[in-house]
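Visitor: With the hints as constraints, model all of the structure from the sequences given.
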Amino acid sequence: MTVLRRVGIRLAWFIGSLALASFLIFLITNKLPGNIAQVILGTNASPGEAAALEERLGLTKPFFTRYLDWMAGVLRFDFGVSYYSGEAINPLIASRFEVSAWLVGLGMLLAVVIAIPVGSYAAMRRRHADGVAVSALSQIGLAIPAFWAGIWLVIVFAVNLGWLPAGGYVSWWESPGEWLLHLILPVTSLALVQSSVLSRYVRSAVIDVSHEDYFRTARAVGWSRIGALWRHGMRNIAISLLTVIGLQLATLLVGAILIEQVFALPGLGSALLMAVSRRDLGIVQAIVLLLVWAVLLINFLVDVTYQLVDPRLRRRGELQ
Amino acid sequence: MKRGTLNLGLTLIGIVVVLAAVGLVWTPFDPTKITGSPLQPPGWPHVLGTDGLGADVLSRLMSGAKICLLVGIVSVAGAAVVGVPIGIFSGMTRGWISDLPARLSDILYGFPALLLAILLAAAVGGSTWTAMIAISVATIPAFVRLARAATYQVMSHGYIEAARVSGIPKVAIAVRHVLPNIAPVLGVQASVSFGIAILAEAGLSYLGLGSGPEAPTWGRMLREAQDYLFNAPILALWPGLAIAVATMGFNLLGDGLRDLFDPRLREMS
Amino acid sequence: MRRSRSFLGMLLAVALTVALGACTRPETDEPRGRELNIGAATEPAGLDMITTTGAGTPFVLLYNVYETLVKLDNEGNIRPLLASEWSQTPDRLSYTFSLDPAAKFASGAPVDADAVVKSFERARGETAAESIRLKWAPVDTIEAVDQRTVRLNLSRPSNGLLYDLTGPTGSISDPTATADLNTTPAGSGPYKFVTWEQGSRVELEANAGYWGTPARFSPVNFRYFADPNAMNTAMLSGQLDMISNLTVPQSIGQFSDAEKYTIHEGTTDGEVVLGFNHANEALSDVRVRQAISHAIDRQALVDSVWGGKGMLIGSMVPPTDPWFEDLSGVYPYDPDKARELLAEAGYASGLTLRLRVPNLPYGPTSGRFIAAQLKDVGITAEVEELEWARWLDQVYGQHDYDMTVVAHVEPRDLGAFAAEGNYWGYRNDAFNTLLTEADTGTEADQTEKLKEAARMLTDDAAAVWLFLLPSITIATPAIAGVQDNQISLSFDLTTLAARS
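Residue numbers (the UniProt record's numbering), protein chains in the order written: chain A, 1 to 320; chain B, 1 to 269; chain C, 1 to 500.
Bear in mind the hints are in silico, worked out from the structure with no lab data behind them. Errors might be hidden in some of the hints.
[Claimed, not checked] Derived pair list, reagent style EDC-like, types lysine to aspartate or glutamate, alpha-carbon separation capped at 20 Å:
no. : chain 1 : residue 1 : chain 2 : residue 2
1   : C       : K337      : C       : D459
2   : B       : K33       : C       : D459
3   : B       : K33       : C       : E325
[Unchecked claim] Residues of chain B clear of chain A, computed beta-carbon distances all greater than 10 Å:
no. : residue
4   : V81
5   : V82
6   : F89
7   : P101
8   : G158
9   : L179
10  : G195
C-beta: ideal position from N, C-alpha, C; glycine also.
Guide: Written out as structure tokens, the structure is:
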């Protein structure tokens, strides 16, 4: 089998899984008990009124018609309007995505900045007490729920010391300074845990590299350990790290929901939770679809990259 | 050194297991009843104090340990029982049929546990079972991928080839030769997944998607502690610590096992 | 405008910002008054008060953006607003309102009789929500007598009508507005609607041409918090000027520093009800319902679930209604009596009931508390927490429950027990008759009959009225004029002022 053919098969699988995922999402969300008409009308409504509202919102059309209508919109990148507020869904998701993207993006960045030196240090000093201590610290970071860390950060820095806002979000367009201040605590609590995850990958990547011949040679000809690592090992470490980050990014977009909840950030995750609680299915479907497709896309890209770079590496990607 | 990680992990898990086992037969007070005035600080007779309603925190913590282990066991076992056979099957066969389970589990992989739990909780209501099922389903792909990759590895060994040629049925090969060989990797994965499951349950309960007021899980206790963060921040400390101890225990156990089986695992990763 | 920005455009914009690394705040040429940020829990479900029900919409819009002919003040009295005076014929079959000649909409159009008639006809028309439409049932015709006079002709006398006109039912919208009222409200109030970011905030600004006392704040942001604790921390860190209602009263100690916060406590219309499904065999027995009423120490419940802040009521009437009577002592906490009643009803050996509570701040904790107390008298209550939409579907819609806890926040909602197909399955013809007589009789009759009706519910132990939700408003000392009670549906901004 040529590489091209293999990639072609992967592509077919990828497109098939996008379609299947979209159908599953539509099926699941439409089978949820309870409906938006009841939520809008609240404890004030009669059954007849709820039925009339459902009719008006177009919720009584046959299932497949609604699925096709929805997919036709999705392919034109139009997710329709919110049943709840009548607002268009696209700009709503865009503004929510902005918040999540900053949170996750900056959180990951900070995590990488912490993880590379920490992980390398833990690897190089792994037979010494200090290296072991660093590893132990990352174990603690792994075991602590990020939202729990967030709660304590709020108590200490926002409430007791009053240095930083406890929650909420100010857009970059409104005030860059406030924007940064509001993001410090949530980004930190996300990065605390993520840096523990990443530093463990860095540690094992560095250990791998230090066993390689080229590294030993470099050391033998007089390179310092850090110099040799920087000169020769970074590429390998970067590949391993990028794979992990890629796979985690999309998951984190929704996973950050707990952090969003603690800090009252209007991100994608809390939008999803809100929309589910109101049965605003248009928004639920849009967010779930985008997240699932994002994960599938990243998976596909990682997969294809391995195929193209070195088929033998594929197994490695799977093991991770 | 290697043993150190393993032993520390086992010790931490031991603490949780003892807490849960004792909690099965005896707790200082009935965890569902109001046995004192609200928000008492740690002391006597309420060793860890009382919560916002006046229930004994230690009793609730012990009762929660039980549920924590149950969630871990059920969700990991469920994922392994479904995922491992699929993975082995896929690893032993060739062609498109071999790819199918892997591709399907890739789609599943697209639904993170939290996303599944949100949808599931909306569909059937939040409960300990909802949390277990969501975590379990979300863990399946990890087992499928791992079992498949590990099976590939094993299949290349000469003795399997010999067994196949001599006409031993596939199922027998899978059970007799493949499974024992990949068991160590699966054990490590199970241990790591256990830690993840405990964290996931805490997160779900904190969002109100997991256990209800009837079950004092640690995540639930954290959620309830939220309302008293300023009057009694210590209420948020105990369940958080318990979660950290249990998760760390299973993570260390996983690492310890990995080190123990090192030569075989090195070869594969 | 944020709203019109496309998704891809947004991504591009974000990318560009990162690349350029700088962006300036958009310039506005409007003069900005003092900004006011209010933390709130219930978000609107749409912005048209006639077609959407739910408490979130009038909370923001009523009296602030939309006005009514008459308004409800903080003590429950009816006061003039758009109508400077009004009269009733002796047979109580006709109301005449004289409009204030100065009144005009934010668009500049006058609030004339024509606008009032159009608004009222819309409120009782096809598109209106049923709960609004039903309130117009006693009204036969609505006529514009002249440009400043409106007359309502009734088919039967109604004591409730004038009161209902103080709410969304009587809101007057601008007939010259062309945009959809559900996204762009158009009223005559001191504030104008600016934007609604779903899940986050609603922004209002001062209506520069307001016909009455001008607005004292601009802009005003209602900021929504799904998690009440996040709202508290936002207040503590100075991002909010006010918390409109503290829904975790046990956290009130955080605001005890009088230098930084003022606390205003009062009452609301929200009765927290432990509801019984009367279709359940055990619960259809009045002795079982009375036993449960005796088994719950309501004061202890308020102390631990609601920080000791709620008032005990005992029936479906808040103390701000004229027919309030203190019935909280009818079923004193008495577990022995409860066991006795249960034995009499044949449940001496125990009884298992499902207690399905919504995931609202008071739900899970009161569920736990009630289950713990019922355990003492031999009733096993299986507590289950339901997401709000599920609660509405299964408990409220399908009556699939034995017991539940929910707050009924609508004003004057005694009639909920008379409604056809109510979720408790409660039906009492004598009670229904009393309510009808109360609405058509004289004002004195009304008070008398409604008192009797409320007592009837209590004697029948139709439900357990756990407590009345308190109104707890937290503000910075810079805000004056904060009202203690929250008894209209509006969060009335007009009483607020900045202390300098």
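Visitor: A separate judgement is required for each hint: does it hold in the structure or not?
Guide: Structure-based check of all given hints:
1. C:K337 / C:D459: Given that 20 Å is the threshold and the Cα spacing comes to 16 Å, the pair holds.
2. B:K33 / C:D459: 29 Å, violated
3. B:K33 / C:E325: With a Cα-Cα distance of about 34 Å, the restraint between K33 of chain B and E325 of chain C is violated, given a limit of 20 Å.
4. V81: 21 Å, holds
5. V82: 17 Å, holds
6. F89: Given a closest Cβ separation of 16 Å, the condition holds.
7. P101: 12 Å, holds
8. G158: Fine: 19 Å to the nearest Cβ keeps G158 of chain B off the interface.
9. L179: 18 Å, holds
10. G195: 7 Å, violated
Checked against the numbered hints given earlier, the structure breaks hints 2, 3 and 10 and satisfies all the rest.
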